[in-house]
Amino acid sequence: MRNLPFAKAFDNAVVICFFSRLLSLFPLVWKLKRLFNLGSKKRLKEAIGIIDKFALEIIKSKNQEKESDKSQDLLSRFMFLSSDYEFQDQEQKTKFLRDIVISFVLAGKDTISTALTWFFWLLMENPCCGRLIYQELTEVAPLEAVSESRMRIFSYDDLKRLHCLHSYIRDNETVSTCGHQLKINDGR
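Per the numbering used here, the sequence shown starts with residue 218, numbered consecutively.
What the hints contain is simulated information worked out from the structure, not anything from laboratory work. We treat Cβ as the ideally placed atom computed from N, Cα and C, and that holds for glycine.
Computed spacing ranges between beta-carbons, pair by pair:
hint	residue 1	residue 2	range
1	281	378	27 to 35 Å
2	369	242	48 to 56 Å
3	224	293	18 to 26 Å
Could you build all of it, start to finish, from the sequences and the hints given here?
Structure representation (structure tokens):
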């Protein structure tokens with residue numbers, strides 16, 4: 218993940234929230250931690266600060282993009298729709314958008330890892346598909362052009378050329394039928 222402090226803060230906040238349920242059995246301990254800003258309550262507050270900062274940077278970046286082009290991503294649509302809502306002030310609108318960003322990160326985090334795990338398992342079961350994807354990737358980004366020490370970041374145009382990879386990610390049936398040849402019945 219490119220923003221490591223955010224990822225760490227996000228994971229820490231999730232763990233702290235989980236264990237705070239255990240501490241709810243001892244409300245006095247949790248209240249004292251909150252009152253004196255100690256232990257896990259202090260770490261949670263710090264983590265939430267980092268998460269909020271990250272989400273607000275995304276919103277700020279999207280506001281700058283919005284002025285230059287018509288983006289069609291989900292956050293841009295929420296930003297457009299939020300202009301119809303009656304917020305008390307700009308801060309309330311920003312908090313609304315911040316909560317949307319954080320909700321999508323939380324919802325997508327485990328979903329993406331599960332989908333990728335399933336995808337790589339299917340590729341292991343069907344090595345011919347892995348070879349096709351490898352061939353496609355090397356055509357789009359030749360190995361000679363990428364040094365081993367650098368990670369290759371694909372442009373949107375590069376990604377549009379990865380038809381095989383796109384097909385396999387979107388449709389598990391494509392992976393499971395990879396390499397099977399169909400013959401047209403010649404009428405016999």
